[in-house]
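A.B. asks: Sequence:
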Amino acid sequence: MGGDDFGQRMNGIHKYVVSSTLTDSEATWGPTTVVRGDVAAEVAAIKNQPGGNLLVEGSAQLVHTLAQHGLVDEYRLMIFPVILGQGKRVFPDTMPEPAKLTIADSRTVGSGVVLLRLHPDQNKAEAD
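For the sequence shown, numbering that gives the first Met the number 0 gives the first residue as 0, with consecutive numbering after it.
By construction, these hints were calculated from the structure, which means they are not laboratory data.
Since we're looking at a predicted model, the values are computed, not measured.
Keep in mind that the hints are not guaranteed to be accurate.
[Claimed, not checked] Only pairs whose alpha carbons sit at most 25 Å apart, straight line, appear in this in silico DSS-like list of lysine-lysine:
# : residue 1 : residue 2
1 : K87       : K99
2 : K46       : K99
3 : K46       : K14
4 : K99       : K14
[Said to hold, decoys possible] Computed spacing ranges between beta-carbons, pair by pair:
# : residue 1 : residue 2 : range
5 : D23       : T107      : 39 to 45 Å
6 : G36       : L114      : 30 to 36 Å
7 : G2        : P30       : 14 to 20 Å
Glycine is no exception: its CB is placed at the ideal position from the N, C-alpha and C atoms.
From just these sequences and the hints, can you work out the full model?
C.D. replies: Below is the structure:
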């Protein structure tokens, strides 16, 4: 990847890669910072810096960690009208407290795919 417009864009933006095994010298996708150690604390520090949005792609484990520490500002979900019966959970099995979500946007596209944008409620949900 790199020759087409998408590849050039992806190689040009700053990336944060969470890994306990990847070395800095192996992170060769343009400007890249390898995040190690206390991921929640590191991501909280990154979020406090000026700049754009952070996007998580392809890591349910990372999303679970971020959700459990209240570090997710928005979920963007694509719900396909198919039941597979297996797969990784979108949300963690346990949370320190209930996390109420507010629907910011929803629409149906194509052959029934539902696109959802959900925001964690700023007022913490009260446990029943």
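A.B. asks: If a hint holds in the structure, say so; if it doesn't, say that too.
C.D. replies: Right, here's what the structure says about each hint:
1. K87 to K99: holds, 21 Å
2. K46 to K99: Status holds; Cα separation ~21 Å.
3. K46 to K14: holds, 13 Å
4. K99 to K14: violated, 29 Å
5. D23 to T107: 39 to 45 Å: Holds - the Cβ-Cβ distance for D23 and T107, about 44 Å, lies within 39 to 45 Å.
6. G36 to L114: 30 to 36 Å: holds, 35 Å
7. G2 to P30: 14 to 20 Å: Distance hint for G2, P30 holds at roughly 19 Å.
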